Amino acid sequence: MTYEMDIAGLKRDLPLCKVTDDLYIGAFVIFGDVELTVHCATELLKRAPDYDYLIAPEAKAIPLLYEMARQSGAEKYFLARKKAKAYMSGVFSVDVTSITTQGVQTLVLDVEEARQMEGKRMLILDDVISTGESLRAMEILVEKVGGIIAGKMAILAEGDAAKRDDIITLAPLPLFNSDGTPKT
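For the sequence shown, numbering that gives the first Met the number 0 assigns the number 0 to the initial residue and increments by one for each residue that follows.
Honestly, the hints are just simulated from the structure, not real lab data. Please read all numbers here as calculations on a predicted model, not as lab measurements. There is no bait here: all hints are sound.
For lysine to any residue, the following SDA-like pairs were computed, each having C-alpha atoms within a straight-line distance of at most 20 Å:
#  : residue 1 : residue 2
1  : Lys-182   : Met-4
2  : Lys-10    : His-38
3  : Lys-17    : Pro-181
4  : Lys-75    : Glu-111
5  : Lys-75    : Val-110
6  : Lys-119   : Pro-48
7  : Lys-59    : Ile-166
8  : Lys-75    : Gly-145
9  : Lys-82    : Asp-94
10 : Lys-81    : Asp-109
11 : Lys-84    : Glu-112
12 : Lys-182   : Pro-171
13 : Lys-45    : Ile-167
14 : Lys-82    : Glu-111
15 : Lys-10    : Ala-170
16 : Lys-119   : Tyr-76
17 : Lys-45    : Glu-66
18 : Lys-17    : Tyr-2
19 : Lys-143   : Gln-115
20 : Lys-162   : Glu-132
21 : Lys-17    : Met-0
22 : Lys-75    : Pro-48
23 : Lys-182   : Leu-15
Label-pair distances were calculated between CB atoms; the ranges are:
#  : residue 1 : residue 2 : range
24 : Val-18    : Gln-115   : 35 to 45 Å
25 : Lys-17    : Pro-48    : 33 to 43 Å
26 : Arg-135   : Gly-89    : 21 to 31 Å
Ideal placement from N, C-alpha and C gives every residue a C-beta, glycine not left out.
Produce the complete structure using the sequences and hints provided.
As structure tokens, then:
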């Protein structure tokens, strides 16, 4: 089963994936789809508020983060990692649970990156917003390091997240019944 999605004028067929017996989600993955990544970055930048730096959680938003930075001419962007790395001199972290990740995961920033974000307007990015937990963890992380949240953006807003007015998105993505029909 697939769902044809129109993402700001670009169409893609999303495979439907089972979450529970009566809940399926459209699998939206920009990895490997250069046309989609470039298109989404362009369209989000048209809608972006003023900001100093972009930041996103690892890993599915990485292509979008990079492409938005490239198109905007940014010399730096930030990535919240899933765990501390050996090159980090110290870390700031928050825990998050999301619909696509089983269990709790941690988002981590290096102390030096945190210092660079202090007092800066940060634009938080993600590929899909669903429950909002990943995005909320990013907000907490930015605030914890002294950054200012300039805005929040995602390519798609899934389910009830499409009703939120605090996140700029390109399109809503419905949740699905087991027969592939959108839930109402």
